[in-house]
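Spelled out from the first residue to the last, the chains are:
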Amino acid sequence: MAKVYLYGIINSIEVDNITASGVTNSKPYFIPFRDIGIIASEYAGEDIGIDYENLLKHDEVIYELMKKHCVLPVAFKTILENESDMNDFITKNYEQIKLNLEKLLNKCEMGLKVIWDVDKAKQDISSDNENLQSSYFNADTPAKKYLQQKLIYYDYKNKLEKKAELIKEKLIKELEDVCCMNKIKLLQSEKMVVNGAFLIDIAVKEKFIDSVEKLKENNKDLSFLLSGPWAPYNFIELRRD
Amino acid sequence: MDASRISVDESCTDLFTEEAKLEKNSIADRINANPENAEQGLAKLVLTVIELLRRLMEKQAIRRIENGSLTEDEIEEMGLTFIKLEEKMEELKKVFDLENEDLNLDLGPLGDLM
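So the sequences go chain by chain: A and B.
Using the numbering used here, read the first sequence as starting at 26 and increasing by one per residue.
Using the numbering used here, read the second sequence as starting at 4 and increasing by one per residue.
Please note: incorrect hints may appear among the correct ones.
[What the hints assert, rightly or not] Calculated pairs, SDA-like style, for lysine to any residue (alpha carbon to alpha carbon, straight line, at most 20 Å): (1) A:Lys-175 - B:Ile-9; (2) A:Lys-169 - B:Ile-9; (3) A:Lys-169 - B:Gly-71; (4) A:Lys-132 - B:Glu-61; (5) A:Lys-184 - B:Glu-61; (6) A:Lys-182 - B:Leu-106.
[To be verified] Computed from the model, here is a short list of chain B residues facing chain A with C-beta under 7 Å: (7) Ile-9; (8) Phe-19; (9) Glu-90; (10) Val-98; (11) Phe-99.
Just so you know, these hints were derived from the structure itself, not from any lab.
Note that this is a predicted model, so its numbers are computed, not measured.
Note that CB positions come from ideal geometry on N, CA and C, so glycine has one too.
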């Protein structure tokens with residue numbers, strides 16, 4: 026029996042023909058289950074490279090469904106042994122899937138990445154750190170010098186995180202009226218100070234975009250990348266009992 | 004993909020492209036496990052846990068230094084211990100061909116371990 030590649034679960038037992046080609050060489054198809062539907066395709070074991078091309082092919086299927094349905098997207102490259110395993114998974118998690126579909130009805134996810142001038146942030150911090158070198162103890166041995174470097178490092182890191190936190194607060198303040206929930210990662214890299222996912226009502230998408238434009242206007246020292254609408258990848262909560 | 008789903012000022016495109024490449028690498032690292040590299044996968048997991056403990060101990064030591072609760076001798080001893088621990092970690096990373104960036108775990112909704 027063929028393995029099954031999963032794309033997502035929708036809140037309907039009726040779906041139009043799916044035109045997106047999908048990740049595998051097999052066309053995505055629809056499987057009704059009670060009052061919900063599963064989108065999957067047969068998987069013959071072909072190599073699925075972890076690259077943007079394939080990630081986007083996965084998302085294209087979900088995006089097509091999003092236009093008419095509430096979609097719980099499944100992570101890229103989720104493959105089950107067979108349809109029977111898929112049925113077990115859906116049966117076991119049916120109640121939670123339903124709760125998520127209700128919670129995420131008419132909602133979508135927007136992504137907002139922010140890059141800051143990390144060199145300037147470092148410069149602001151480094152002047153304070155010079156004073157720290159002479160505090161706490163006399164670094165007169167290699168072991169103490171090592172710990173002193175660690176002290177400087179953690180102090181620097183804390184200050185950088187505090188600066189990042191201020192930017193996060195600024196963002197949340199501007200966007201809180203137009204989003205329901207957010208998941209924000211700070212300093213995913215030194216340059217990327219904020220990598221945020223925002224759950225919004227589809228109806229306020231334009232307002233959300235306007236608010237981001239306002240943020241751009243008022244924070245010329247930051248660079249913004251706005252993306253979406255996406256299916257709410259970051260806001261699904263499935264407990265594993 | 005529908006191009007209208009991405010909005011970025013032209014002047015910042017290079018910045019984000021560079022960051023996207025870093026993200027892409029981290030995706031590959033996270034998922035690309037197979038029988039051939041299972042040993043390295045296990046080493047990665049174990050070393051990540053050790054690195055987490057090492058950092059926790061280090062932070063605790065820093066807190067105690069900042070609070071002034073350690074004598075000069077205790078600071079010396081701790082410094083030596085951490086140097087040795089770091090050296091040992093470097094050795095193990097070399098053995099299993101791992102970089103600092105490899106020593107992390109994606110905990111899903113909880114975010115990254117470190």
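Each hint, compared with the structure:
1. Between Lys-175 (chain A) and Ile-9 (chain B) the CA atoms are separated by roughly 40 Å; this puts the pair beyond 20 Å, and the hint is violated.
2. About 50 Å separates the Cα atoms of Lys-169 (chain A) and Ile-9 (chain B), which puts this hinted pair outside 20 Å; it is violated.
3. As the CA atoms of Lys-169 (chain A) and Gly-71 (chain B) are separated by approximately 14 Å, the hinted pair is consistent with the 20 Å bound.
4. About 43 Å separates the Cα atoms of Lys-132 (chain A) and Glu-61 (chain B), which puts this hinted pair outside 20 Å; it is violated.
5. For the suggested pair Lys-184 (chain A) and Glu-61 (chain B), the alpha carbons sit about 18 Å apart, so the restraint of at most 20 Å is met.
6. For the given pair, Lys-182 (chain A) sits about 19 Å from Leu-106 (chain B) by alpha-carbon distance, which is consistent with the 20 Å threshold.
7. Annotation: Ile-9 (chain B) was flagged as interfacial toward chain A, and the flag holds, the nearest CB pair being 5 Å apart, inside 7 Å.
8. Taking 7 Å as the C-beta contact cut-off toward chain A, the hint placing Phe-19 (chain B) at the interface holds, the least distance being around 5 Å.
9. For Glu-90 (chain B), the interface hint is violated, since its Cβ never comes within 7 Å of a Cβ in chain A; the closest pair sits about 11 Å apart.
10. A least Cβ separation of about 23 Å between Val-98 (chain B) and chain A goes past the 7 Å threshold, and the interface hint is therefore violated.
11. The beta carbon of Phe-99 (chain B) comes no nearer than 21 Å to any beta carbon in chain A, farther than 7 Å, and the hint placing it at the interface is violated.
Comparing the model with each numbered hint stated earlier shows that hints 1, 2, 4, 9, 10, 11 do not hold.
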